[in-house]
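As given, the protein sequences belong to chains C and P, one line each in that order.
Under this note's numbering, the first sequence has 412 at position 412, and the numbering climbs by one with no breaks.
Under this note's numbering, the second sequence has 234 at position 234, and the numbering climbs by one with no breaks.
Derived by calculation from the structure, the hints in this document are not laboratory data.
Owing to the predicted nature of the structure, the values given are computational and were not obtained by experimental measurement.
Backbone N, C-alpha and C define an ideal beta-carbon position, used for all residues, glycine too.
Among the hints, a few may not be true.
Pairs of lysine-lysine, PhoX-like flavour, derived with a Cα cap of 25 Å [to be verified]:
| hint | chain 1 | residue 1 | chain 2 | residue 2 |
| --- | --- | --- | --- | --- |
| 1 | C | 529 | P | 7 |
| 2 | C | 371 | C | 517 |
| 3 | C | 517 | P | 7 |
| 4 | C | 449 | P | 7 |
| 5 | C | 512 | C | 440 |
Here are some chain P residues the structure puts well away from chain C; computed CB gaps all over 12 Å [unchecked claim]:
| hint | residue |
| --- | --- |
| 6 | 212 |
| 7 | 249 |
| 8 | 255 |
Covered stretches of chain P, as calculated for chain C (at least 3 residues, CB under 8 Å) [as the list claims (entries may be wrong)]:
| hint | region |
| --- | --- |
| 9 | 289 to 297 |
| 10 | 307 to 317 |
| 11 | 330 to 340 |
So the chains spell out like this:
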Amino acid sequence: MTVATKSKPARQPSGRGMRFVGGAANYLDERTSISTAVKALGRKIFPDHWSFMLGEIALYSFIIILLSGTFLTLFYDPSMTEVHYDGSYVPLKGIHMSAAYSSTLNITFDIRGGLLMRQVHHWAALLFVAAIGLHMLRVFFTGAFRKPREINWVVGFLLFIMAMAEGFTGYSLPDDLLSGNGLRIIDGMIKAVPGAGLWISYLLFGGEFPGDDVIPRLYMLHIMLLPAIVIALIAVHLVLLIVNKHTQFAGPGRTEENVVGSPILAVFAAKAGGFFFLVFGVTMLIASLVTINPIWSYGPYDPSPVSAGTQPDWYIGFADGMLRLIPSGWEFEVLGGTLSLNLIIPIVVLMVFLGLVAFYPFFEAWVTGDKREHHIAERPRNAPTRTAIGAAGVTFYAVLWAAASSDLIATHFRTTIEGVILTLQILLVVGPIIAFWLTKKMALALQRKDREVVLHGYESSRIVRLPGGEYREIHTPLDDFEKWRLVSFDEFEPIVLRPNDRGRITLSARAKASVSKFYFEDRIAPVTKPELESASQH
Amino acid sequence: MAESDKKVALKGSSAVERSGRIDNPGFEPAHQRVHDVNPDKAASAERGISLLFLLSGLLSVTAFVLYFLFPIVPGDLWTVRISTLLVGVAIAASLLTLGVGVVHWAKALMHGHELVEERHETRGDEPTRARAVEIFQEANAESGWTRRRLLRNSLITALVAFPVPAIALFRDLAPAADPVEALKHTIWRAGTRLARDPSGTPIKASEISIGSAVHVIPENLDTYEETFLNEKAKAAVLLMRLDPADLNISEERKDWSYDGIVAYSKICTHVGCPVALYEQQTHHLLCPCHQSQFDVSNECAVIFGPAARPLPQLPISVDAEGYLVAQSDFLEPVGPSFWERNQ
Chain C
1 MTVATKSKPA RQPSGRGMRF VGGAANYLDE RTSISTAVKA LGRKIFPDHW SFMLGEIALY
61 SFIIILLSGT FLTLFYDPSM TEVHYDGSYV PLKGIHMSAA YSSTLNITFD IRGGLLMRQV
121 HHWAALLFVA AIGLHMLRVF FTGAFRKPRE INWVVGFLLF IMAMAEGFTG YSLPDDLLSG
181 NGLRIIDGMI KAVPGAGLWI SYLLFGGEFP GDDVIPRLYM LHIMLLPAIV IALIAVHLVL
241 LIVNKHTQFA GPGRTEENVV GSPILAVFAA KAGGFFFLVF GVTMLIASLV TINPIWSYGP
301 YDPSPVSAGT QPDWYIGFAD GMLRLIPSGW EFEVLGGTLS LNLIIPIVVL MVFLGLVAFY
361 PFFEAWVTGD KREHHIAERP RNAPTRTAIG AAGVTFYAVL WAAASSDLIA THFRTTIEGV
421 ILTLQILLVV GPIIAFWLTK KMALALQRKD REVVLHGYES SRIVRLPGGE YREIHTPLDD
481 FEKWRLVSFD EFEPIVLRPN DRGRITLSAR AKASVSKFYF EDRIAPVTKP ELESASQH
Chain P
1 MAESDKKVAL KGSSAVERSG RIDNPGFEPA HQRVHDVNPD KAASAERGIS LLFLLSGLLS
61 VTAFVLYFLF PIVPGDLWTV RISTLLVGVA IAASLLTLGV GVVHWAKALM HGHELVEERH
121 ETRGDEPTRA RAVEIFQEAN AESGWTRRRL LRNSLITALV AFPVPAIALF RDLAPAADPV
181 EALKHTIWRA GTRLARDPSG TPIKASEISI GSAVHVIPEN LDTYEETFLN EKAKAAVLLM
241 RLDPADLNIS EERKDWSYDG IVAYSKICTH VGCPVALYEQ QTHHLLCPCH QSQFDVSNEC
301 AVIFGPAARP LPQLPISVDA EGYLVAQSDF LEPVGPSFWE RNQ
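Work out the full structure: start from the sequences and follow the hints.
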């Protein structure tokens, strides 16, 4: 106690409670030097914006997944040993099935709260991937991936991939008919890899499909290896978040040199902690009201039956859709082997798409040549080309995603499956181009509107008649704070192609110049002081 | 653009800065919340929030009690639903009231003014960086990392080789047998009776009427206890009877069918889903996973979708008792393609 009093004479604790807390803190600090961490992080500032909560939702749903998943491991049996079902779900009584499927039925029908925990786990998993996806879109469209956050973008991207892997492995564990067909599809895709595919499949399944080994192996991945990687990546992600400090939107007083918001202790911690319970509460509410993955109605895995309208969980949809959109007949005999381009091309397209997502920050840094640090999150309209590229990417993904439901689209809208597939094939190519063009136009138009508003104020809907008989609408000028929000953005111009020191124009310089032109040829400059002055004189 | 407005391009970058930029006006005056100025409102907010916390505690206890009040009666699915619903909603309500309370406390009563923290460049300051470089140089000098190149390069060689045994250690993930051979054969043999899936009862040709389709397994599938699913995953067959006039049969497959009855592998040549949907009128088979379509009247040629190869045909005939039997195994590997399938 004396030490604490000595070191902090100004904050003499009073009351028994405070004396206890002070004593405990002193005990801890003398053994862990925790005061250093509290000093460094306790008043760290986090800016406020609704879109900054998407990453939080991802983090909290992961915690919910860990809690509910731990409960499920206590009752789940990751074994493909054949058993006769003897639980309380009558329609499946006496049926042959794997111990994995049987134990999942027991969790559902014989363990109190088991169905609830299964549904919390599944809903939270769907939310986890969705929140990561939306969080990535927020970061992309606000340019929050720019220096110094490129590495953290890649870490986040890896988390997105890991989340999908976690989702797929977990989805397969009940060993029901639907997930078994999912595994069968994965098996078919792996086998298409030239040369190595058959062996990879053989090693993964411990022999022929489906074998007796894949469920325990996926279980190991699902509850040990992948979560360990996810937790490690989240740790790196959060450490880098602290090192880089959070981005903030442009606003009065906000600069590249400061961060404005609430301190971790106490306001941010309270908001974030409260928000955790809100996310948990909403997930729990959905899980208690809405059925997800009713494995009992699918039956145990059997390679022979399948039901119409099969679909994977939402986040695998884009991959499944890609498989559906490839035209017939793309398989050839080459060098004595069978080359299944109908599977290899979809795999390559998906990997290229994901690769573009992962490496975009480095590409944009190369185009702009911008070496400055950026901490102000941009409004999407103020980076029209990037926003348009993002919209094109979203469209591409959305078409693939829709394609995973091609059969359901055809039945619901009473049209032909061939027509739906053809439409989606065309959209996959044309859609992103239209989205790019439209988005860019819209972003530029919004920027023009911003300029107009800054220069001439808002239209007030008040019409006055001047002494000369002329009618005019009164424009309400913006105050300085509103104006600042609309004019504070970065301005770029296309690079001018110049010879280098040796008097040559290199190929890479040419490429860079033309990409730079593609990015910045159409642009709207922020309003400047002289413009503002001349506008006010009218 | 005004004349006085000078633009400066940043070095090596396409970003430009204008001299006439509008200045940052600085912070807006702090906004006063009603709870900051009215102590009565603050007190009532405090009472409301503590009420939420107490309610949350009460709801948690309620969930605990409901768990025991509404047990699951084995065989009664209604009790599963009730237990899930009541316990779940009570937990959800306790979490939501707790969350709303904490967030409301933070927004209404905690210090509401925004605070400012300075940012510094992410890179370390110059003395720190210089010292870091120095440390590496000292370590290099002390260890001889760049000086003793033989030592360094042989160490790198050893480290590269270090994971090699691990690759071998994973070999026994799969059995020793050659997968190519395994995939080229199913348990269909000459004389194996075609049986109904899943009952296993053999099928007489006379039982199959024109237009019908039957899901088929080999009659002896049940004897494969250990590898039942593996064998079924290759041997599943779909049997259809068409009007013989509707069948376009090539010369070499003339004897593979019996009086309009044809048998094809049910495993899709795309990625292996069961091609389970038969359209009687058009004689088309549809795979429900990726919508590949096969034309039964034309030896199951692909007519739509991502699949590239026709479904393999199982040659069939009838035995002395009139049961449908296989003439042999499939003459090509069934299911999804793989590189070695034609070798």
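Broken hints, numbered, in rising order?
-> When the structure is compared with the hints, none of them turns out to be violated.
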